[in-house]
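Visitor: Sequence:
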Amino acid sequence: MDAAAQPAPGSLSWRLSSHPITLLTFLAFRISSVLIYFLGLWVIHSMIMIFIITILLLAADFYYLKNIAGRRLVGLRWWNEVDPQTGDSHWVFESSEPGTKVISPTDSRFFWLALYVQPMLWVLMFILALVRLQFLWLPLVIIALVLTIMNTLAFSRSDKFSQASNIAGSAFSTSNLAGSLATNMVTGWFTRSSN
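The numbering of the sequence shown is my numbering, which starts it at 1 and goes up by one.
A portion of the hints provided could be inaccurate.
[As the list claims (entries may be wrong)] Derived Cβ-Cβ restraints for the label pairs, each shown as a range: (1) 94 to 28: 19 to 27 Å; (2) 38 to 116: 13 to 21 Å; (3) 132 to 94: 26 to 34 Å; (4) 42 to 94: 19 to 27 Å.
Hints are computed from structural coordinates only; laboratory data are not their basis.
Just so you know, these numbers come straight off a predicted model, no measurement behind them.
Idealized CB from N, CA, C, for every residue including glycine.
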C-alpha cells in the first residue's frame with residue numbers, strides 16, 4: 001500500500017485503530033440492534049422474535065460498551081454502587097491514568113460518534129412507531145432508549161470527570177505550582193500569627 005492510499009491519523013478507518021477487534025465488535029453490537037429492529041419491521045413479521053433478538057443485542061451492547069469497549073477504546077469506565085447500610089446509590093467514574101494509556105484518535109472518534117448516534121436513531125424509531133400507530137413496539141424502543149441514553153450520559157460524565165481530574169493532577173505534579181502556592185499560603189498564615 002503506498003503512502004497516498006493510507007488514511008490520515010484520526011480518520012474514520014478501522015485499520016488505524018489500536019484495538020481493531022474491540023472496535024469492530026463494539027460497532028457490530030451498536031449497528032446490529034438497530035438493524036434487526038428496522039429490518040424486522042419490514043422483512044420479519046414476527047414481533048416476538050424481533051423483540052427477543054433486539055433485547056439480547058441491546059443487553060450485549062450495553063455490557064460490552066460499559067465494561068470492555070469504553071475501557072479499551074477511550075480509557076473510561078463507570079458503575080453504580082449501593083451503600084448497604086443506607087441504601088443510597090452513587091455513580092463511580094474511572095479513567096485511565098493520563099501517562100499510562102495513549103488513546104488513539106481513531107478509536108476515540110468511532111467511540112463518541114457511535115455513542116451519540118445510536119440514541120438519535122432510537123428516537124427516530126420512537127417517532128416512526130408513533131406515526132405508524134404501532135404502539136406495541138413502543139416498549140422495545142423505550143427500553144432501547146433507556147439503555148443507550150444511560151450509557152451515553154454515563155460516559156459523557158466519565159469523560160468530564162477524567163478531564164477535570166487530569167487538570168487537577170497536572171496542577172499538582174507539573175512544576176509543583178499548586179504545592180508551592182499551598183506551602184507559601186500556610187507559611188504566610190503561621191508567620192502572621194506569630195507577629
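Visitor: Now tell me if each hint is right for this structure.
Guide: Results of checking the hints against the structure:
no.	hint	result
1	94 to 28: 19 to 27 Å	25 Å, holds
2	38 to 116: 13 to 21 Å	19 Å, holds
3	132 to 94: 26 to 34 Å	42 Å, violated
4	42 to 94: 19 to 27 Å	41 Å, violated
Going down the numbered hints, you'll see the structure goes against 3, 4, while the others check out.
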